[in-house]
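*Asks:* Residue numbers (this note's numbering), protein chains in the order written: chain A, 1 to 387; chain B, 1 to 369.
It should be emphasised that the hints constitute simulated quantities derived from the structure, not laboratory data. Certain hints may be false.
Claimed, not checked - Below, a sample of chain A positions facing chain B; criterion: calculated Cβ distance under 10 Å:
# : residue
1 : 52
2 : 54
3 : 56
4 : 69
5 : 83
6 : 104
7 : 116
8 : 118
9 : 121
Claimed, not checked - When the alpha-carbon atoms are kept at most 27 Å apart in a straight line, the in silico DSS-like pairs for lysine-lysine are as follows:
#  : chain 1 : residue 1 : chain 2 : residue 2
10 : B       : 248       : A       : 77
11 : A       : 28        : A       : 77
12 : B       : 61        : A       : 111
Note that CB positions come from ideal geometry on N, CA and C, so glycine has one too.
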Amino acid sequence: MIYFHTKDLSVGYNGHALIHDINIEVEKGKILTLIGPNGAGKSTILKSITHHLAKICGQVYIDRQEIYAWSARELAKQVAVVLTDRIHPELMTCEEVVAMGRYPYTNALGKLTPRDKEIVVQAMERVHALDLAQRDFTTLSDGQRQRIMLARALCQEPEVLILDEPTAYLDIRHKIELLDILREMAHEKGITVIMSLHEIDLATKISDYLLCVKGDTIEAFGPPEDILADGAIDKLYDIQHGSYNLLFGSVELAKPQGEPQVFVVGGGGAGIACYRALQKRQIPFAAGILFTNDVDYPVAQELSDYVVTAPAFEPMTEAHYQQAAQILLRCDCVIDAGTPIGTLNSMNGRLLDLAREKGIPLYSGWQAMENKKDSRENRRRERGVGP
Amino acid sequence: METHDLMRSSRRERLTTAGRFLVTMLLLALLFGWGLVLNVNTGSVEIPAGEVFHMVWSGVKALFRDLFTGSDTLRAVTEASSESKIIFSIRMPRMLLAAILGGALSVSGFLLQTFFRNPIAGPFVLGISSGAKMVVGITTILLTPYLGTISSGVLILSAFAGSLLIVSMVLLFSQRVQNMSMLLVIGIMVGYICSAVTDFCITFADEEDIVNLTSWSMGSFSGANWSGVTTAAWLCLGGTVLSWLLSKPIAAYALGEGYAQSLGINVKVFRAALIILSSLLSACVTAFAGPISFVGIAVPHITRTMLKTSRPILVIPATYLCGAVFCIFCDLIARTAFSPTEMAIGTVTSAFGAPVVIYMMLKRQKVRQ
Chain A
1 MIYFHTKDLS VGYNGHALIH DINIEVEKGK ILTLIGPNGA GKSTILKSIT HHLAKICGQV
61 YIDRQEIYAW SARELAKQVA VVLTDRIHPE LMTCEEVVAM GRYPYTNALG KLTPRDKEIV
121 VQAMERVHAL DLAQRDFTTL SDGQRQRIML ARALCQEPEV LILDEPTAYL DIRHKIELLD
181 ILREMAHEKG ITVIMSLHEI DLATKISDYL LCVKGDTIEA FGPPEDILAD GAIDKLYDIQ
241 HGSYNLLFGS VELAKPQGEP QVFVVGGGGA GIACYRALQK RQIPFAAGIL FTNDVDYPVA
301 QELSDYVVTA PAFEPMTEAH YQQAAQILLR CDCVIDAGTP IGTLNSMNGR LLDLAREKGI
361 PLYSGWQAME NKKDSRENRR RERGVGP
Chain B
1 METHDLMRSS RRERLTTAGR FLVTMLLLAL LFGWGLVLNV NTGSVEIPAG EVFHMVWSGV
61 KALFRDLFTG SDTLRAVTEA SSESKIIFSI RMPRMLLAAI LGGALSVSGF LLQTFFRNPI
121 AGPFVLGISS GAKMVVGITT ILLTPYLGTI SSGVLILSAF AGSLLIVSMV LLFSQRVQNM
181 SMLLVIGIMV GYICSAVTDF CITFADEEDI VNLTSWSMGS FSGANWSGVT TAAWLCLGGT
241 VLSWLLSKPI AAYALGEGYA QSLGINVKVF RAALIILSSL LSACVTAFAG PISFVGIAVP
301 HITRTMLKTS RPILVIPATY LCGAVFCIFC DLIARTAFSP TEMAIGTVTS AFGAPVVIYM
361 MLKRQKVRQ
């Protein structure tokens with residue numbers, strides 16, 4: 001059943017619509033993540049849902065009730081936020097910061113009842129921050145701060161939790177911890193989580209739904225596996241140099257341009273380190289022969305224009321060898337990445353033999369090539385010839 | 001580092017925030033009592049403390065008797081001797097005024113610091129006092145030729161108008177400027193403009209027209225009388241109670257506007273309430289005693305340092321009491337240090353307030369590192 005949804009929502013600043021026709025539908029206890037480039041309007045959408053910004057038009061519903069009709073206090077009991085604002089409360093303990101989440105429930109002077117106090121302790125326990133209770137908030141690290149702010153939001157006992165880039169400033173361990181806690185909240189407490197993230201790999205793994213925000217309208221909305229086809233991320237973020245591999249969640253930087261100077265014989269994961277080392281030095285290279293299901297294949301594909309491939313689960317053929325040999329003979333040197341040669345990839349063995357036969361320098365691993373080059377350069381320098 | 005943390009937390013366990021609050025309040029109350037006695041019995045005529053107590057006690061008794069019977073025995077008590085006249089019509093109103101206004105000034109500073117989220121915000125820094133002085137100056141210069149002497153009521157009204165003028169300008173700017181530090185700078189600049197206008201008027205005014213202004217702008221509690229004390233008490237205590245009732249949103253506001261709003265606070269209304277209350281308090285002070293610097297900045301700092309918390313529900317009453325104590329002692333010094341010459345109260349408050357602020361800033365920096 002749909003719990004949170006928006007209907008033709010338009011958001012923007014000062015009456016100007018920045019993004020229009022936002023239609024989202026999320027069930028209770030699911031996680032929706034907004035992804036998209038900087039300045040695309042992720043925060044604008046979130047702020048319009050939390051009433052920090054006035055919406056332009058359209059409706060937002062929680063449990064089939066229009067939330068713009070609610071009073072601020074009613075909204076505060078349903079929706080809690082974790083913002084990007086860096087706060088500096090003076091002389092406040094973490095416990096006091098967390099207890100502020102009880103604001104909509106306490107009396108006019110903000111007196112905490114025993115039940116309120118219990119909820120505060122539970123919230124801190126849930127984010128594993130009970131030991132921080134008496135610490136001064138301003139002395140915390142970023143990871144601790146974020147956990148406390150999350151505990152504060154949980155104290156509000158919200159049905160919908162909205163987080164604006166909750167993982168910013170956090171190291172990878174704290175990112176994982178934070179997202180784990182969110183997952184738990186969503187599953188066990190049925191809290192619907194709506195957040196924006198910059199880490200696409202994490203977003204696809206934690207989210208039930210993704211909302212791609214770009215330009216003046218929504219690029220895509222749906223479960224991550226449905227909407228993220230090959231190259232969708234490159235398109236969403238306008239990545240022209242470099243690429244994003246959705247399968248691995250890994251980023252490759254811009255591919256070196258030009259005729260291949262090095263031929264890498266790889267496969268089975270051994271090639272990746274070589275490809276990346278060559279990319280780092282901006283040396284164009286060719287890679288081969290790779291089966292299309294090889295783990296080396298997607299990386300090679302992103303970093304080189306000269307990849308010789310063979311269909312998966314079939315032995316390599318003479319044709320593949322010929323194709324690869326042609327490129328190899330144009331290269332200055334060959335790197336043997338160290339992949340074992342067996343029956344299916346025997347052609348790779350023939351390529352190495354070919355290099356030896358033709359006197360093309362053959363190195364095992366990219367380090368060997370590097371060392372050789374270094375020593376050659378050193379020798380040249382000693383002789384007083386410029387590099 | 002870790003042992004330091006442990007030490008701190010264990011010390012905190014021994015003395016809870018509420019306990020610390022009680023101890024602080026008790027200490028301040030004792031100081032307050034001591035200050036009252038000192039203030040009433042010292043001066044050009046020394047009156048023994050025992051006699052003072054006796055006279056005050058009979059005065060209070062007479063007051064209650066009058067309240068219930070409608071007779072007028074209070075006058076008889078207050079005018080019994082020259083000493084009782086000194087106590088009842090000079091020293092007591094002056095001291096009470098100092099206490100009432102000192103507290104109000106401190107609470108006003110606390111509210112402004114909350115509003116600007118900046119520790120150096122205060123009524124004097126923001127130009128509220130300068131604004132009041134400007135309007136008082138213009139009024140005295142314009143009216144003295146016609147009226148001869150300016151009544152205190154007119155002074156109070158014009159000081160209030162001046163304060164509100166500055167505050168509304170600050171409010172107006174705050175709609176456009178989101179950055180609080182920027183707004184603070186604007187406030188300070190507005191203050192300078194007001195001072196310039198005042199100086200300009202003074203330059204071209206006749207000597208006798210500005211006598212009132214000069215004595216007023218020195219800042220002093222010396223003009224106190226009972227009707228002034230009553231008016232000030234109503235305004236200041238009322239303003240403080242209202243501020244105290246805002247404790248809950250003030251506490252939430254410490255988390256920043258974004259979070260305050262998400263907790264259900266109407267930030268615009270809250271901010272307006274905050275600045276109107278603080279200007280009411282500081283205008284009241286400026287009107288009755290002239291511009292007094294540094295109390296508004298120093299006292300909230302002293303109080304927070306003593307309480308080791310910023311929970312407004314505790315800080316506001318403690319700040320009021322602390323401000324009262326601070327001001328009666330400063331007034332005592334102003335009155336007696338170079339007797340019979342009296343110093344301006346601002347001289348004393350700055351001399352004591354500024355070093356305190358510097359010391360505390362440095363100390364806090366050290367704790368943070």
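*Asks:* Next, verify each hint and record whether it holds.
*Replies:* Verification of the supplied hints:
1. 52: For residue 52 (chain A), the interface hint holds, since the closest Cβ of chain B sits about 6 Å away, which is under 10 Å.
2. 54: 12 Å, violated
3. 56: Hint violated; residue 56 (chain A) Cβ to chain B Cβ min 19 Å, cut 10 Å.
4. 69: Check failed: Cβ of residue 69 (chain A) comes no nearer than 15 Å to chain B, outside 10 Å.
5. 83: 5 Å, holds
6. 104: Holds, about 5 Å.
7. 116: 13 Å, violated
8. 118: Violated, about 18 Å.
9. 121: 16 Å, violated
10. B:248 - A:77: 17 Å, holds
11. A:28 - A:77: 16 Å, holds
12. B:61 - A:111: Status violated; Cα separation ~39 Å.
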